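Q: So the chains spell out like this:
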Amino acid sequence: MSKAMNIDIPVPAGNEDHYRIKMGPQHPATHGVLRVDLDLQGETILECVPHVGYLHRGFEKLAEHRSYVQNLVLTDRLDYIAAMANNVGYCEAVEKLLGIEVPLRAKYLRTMVCEMSRITGHLLGLATHALDIGAMTVFLYCFREREVLLELFAELCGARLTPTYTRLGGVRQDVTHSIMMKLERFVDEFPANIEEYETLIDTNRIWLKRTVDVGTLSAEDAVSLCITGPSLRGSGVDYDIRKHFPYAAYDLVDFEVPLGEAGDTYARYRCRMEEMRQSNNILRQCIEQMPPGPIVGDDAPDLVMPVKPGRKVEVDAPARQGLIKLIEDRETFMEGDIYVPTEAPKGELGFYFISDGNGSPYRMHIRSPSFIHIGALKTMAKGTMVADLIAIIGTMDVVLGECDR
Amino acid sequence: MESTDIVEKLRKKFSDDVLDSYQHRGQNGVLIRRDHILDVCTYLRDECSMNHLMCLTGVDNSKRKATAAPCYERFEVVYQFYSIAEKYRIRLRAQVPEDDCSIESITSLWIGADWLERECYDLMGIHFDGHPDLRRILTPDDWEGHPLRKEYPLRGDGKWTGYEELKAKSKELSRFDFYQKDHEIGEHE
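Chains A and B, in that order, give the protein sequences.
Each residue of the first sequence is one higher than the one before, starting from 1 at the first, in the numbering used here.
Each residue of the second sequence is one higher than the one before, starting from 406 at the first, in the numbering used here.
To be clear, the hints were calculated from the coordinates, so they are not data collected in a lab.
Keep in mind that this is a model prediction, so the values were computed, not measured.
Possibly wrong hints are sitting among the right ones.
Derived DSS-like pairs (lysine-lysine); straight-line CA-CA distance at most 30 Å [said to hold, decoys possible]:
id	chain 1	residue 1	chain 2	residue 2
1	A	K96	B	K564
2	B	K492	A	K243
3	B	K572	A	K61
4	B	K492	A	K22
5	A	K96	B	K574
6	B	K564	A	K22
7	B	K470	A	K22
8	B	K555	A	K61
9	B	K414	A	K96
10	A	K96	B	K572
Okay, the calculated bits of chain A under chain B, using three or more residues with CB under 8 Å as the criterion [said to hold, decoys possible]:
id	segment
11	47–58
12	182–196
13	237–250
14	367–377
From the three backbone atoms N, C-alpha and C, an ideal C-beta is built for every residue, glycine too.
Using the sequences and the hints given, assemble the complete structure.
A: Written out as structure tokens, the structure is:
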């Protein structure tokens with residue numbers, strides 16, 4: 001701490017162009033509490049050292065002392081921009097570990113909320129990215145559509161940002177007719193909205209100057225840096241977990257994986273825009289194909305919301321005992337370890353579980369895309385200008401809650 | 406080629422290093438000695454086109470019950486590799502003994518392993534030989550202990566050691582505040 005608090009750094013005489021600047025952790029352009037120490041020669045970055053950990057809450061340690069069901073709420077606090085995708089990722093991993101079957105309707109509902117959260121995530125990513133490099137209007141437009149989806153989340157499960165919507169073996173609540181109607185209206189209108197953003201910035205000269213050939217990553221470099229998600233696909237690598245390891249109902253819906261070529265900030269921006277179009281298509285298919293049936297599997301652990309609305313459920317001792325008993329019954333299934341990746345809006349969100357037959361995970365590791373993307377900043381920002389660093393942070397689309405865990 | 410073929414190839418090529426292999430829920434895992442981990446990873450990347458490092462993490466086995474695949478040492482570093490082109494994957498579990506808690510770094514193969522190894526060092530206390538910049542990453546620089554080790558308590562009873570220092574610094578800087586009285590740390594304790 002004492003080293004970090006040292007404000008007065010002497011500048012060697014004769015080298016007055018050489019600066020050391022600490023950007024953050026409160027700077028609004030850093031998407032949260034990210035600190036970047038910069039070594040500058042004039043305005044060129046000689047070295048860039050990102051510092052993270054300001055939001056470290058010790059989820060991995062905490063998870064070892066809580067049951068599988070209790071850990072679900074922790075995942076909301078990872079990528080709080082698109083928390084539904086984290087819920088789904090966690091539940092998919094635990095279900096694979098415990099061998100729980102999910103009914104078809106729940107799979108479709110999960111796909112639906114996943115894509116909704118992908119759109120909210122990309123919208124916020126685009127909004128802040130554009131705001132950082134000087135396009136204020138896009139920010140307001142994006143938040144207009146994001147608000148519609150957040151209101152739908154609130155109607156679906158009572159929370160806008162921390163939904164905890166999925167349950168082991170299914171989802172918490174079924175969709176109502178009114179939600180489906182509103183979502184359908186959104187799906188009909190959204191393509192026109194995407195075009196609206198594109199007319200604002202797609203051929204805007206300032207936007208092009210700030211994004212084309214900025215933060216270029218070749219396909220080999222991107223893979224070597226372990227980058228995933230739209231940031232990797234902008235470099236032309238066809239790696240989408242929805243296609244490679246289909247989960248929920250992704251093998252039942254039809255969609256394409258948009259790829260970029262140049263690998264620069266503009267290519268990644270185009271990738272995200274096309275991805276939102278694809279998400280919109282998936283949403284439409286989900287609405288059309290939504291099968292009837294139960295939303296929670298028969299062999300799911302007992303901690304779902306009561307069918308009757310308005311009744312409060314308390315996790316009292318018997319319920320807890322029941323859960324532990326149920327998990328103990330599964331002991332033969334539960335030994336071993338498993339790594340399950342899912343495609344979160346930012347990239348590959350993986351859960352690595354080790355279970356030794358207890359009611360709580362022996363070890364839970366979260367492979368969060370933002371952590372790895374911030375790690376890549378050091379390589380990407382070297383030799384660029386300070387202003388480009390802002391564009392690079394924006395295009396990597398990082399969330400510090402997920403990075404620090 | 407399937408994941409199981411890779412296991413067979415590894416067994417053939419590194420017969421002295423491979424301790425055990427197992428399959429759980431369709432995922433193949435290989436337990437391996439730590440000594441030649443860099444060679445094994447180079448082989449996987451160059452010969453088996455495993456170009457994507459999905460995940461790297463450390464595990465403390467000290468309280469782990471014996472499972473189908475037994476553990477050989479106190480710590481292990483778990484690598485998940487995936488081949489984007491061929492679509493197969495494999496998990497390596499390198500066994501690291503307690504008395505010499507170190508393993509070779511694979512940052513020369515994947516630049517992205519840099520932060521993953523730092524995180525592993527920070528939280529689990531495993532040293533990575535040849536890592537360019539092995540510092541703490543998520544916890545403060547002066548943090549004591551490695552939180553994810555099993556003997557580390559979930560809750561501590563003392564204050565964070567840097568707290569007093571931070572309080573003094575805050576007091577020192579508070580004369581530049583507009584609203585001095587409201588912002589002094591320590592008054593509301």
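Q: Work down the list of hints and note, for each, if the structure agrees.
A: Results of checking the hints against the structure:
no., hint, in the structure
1, A/K96 - B/K564, "violated (40 Å)"
2, B/K492 - A/K243, "holds (11 Å)"
3, B/K572 - A/K61, "holds (28 Å)"
4, B/K492 - A/K22, "violated (42 Å)"
5, A/K96 - B/K574, "violated (50 Å)"
6, B/K564 - A/K22, "holds (28 Å)"
7, B/K470 - A/K22, "violated (47 Å)"
8, B/K555 - A/K61, "holds (9 Å)"
9, B/K414 - A/K96, "holds (28 Å)"
10, A/K96 - B/K572, "violated (47 Å)"
11, 47–58, "holds (count 4)"
12, 182–196, "violated (count 0)"
13, 237–250, "holds (count 4)"
14, 367–377, "holds (count 6)"
This entry does not satisfy hints 1, 4, 5, 7, 10 and 12, going by the numbered hints stated previously.
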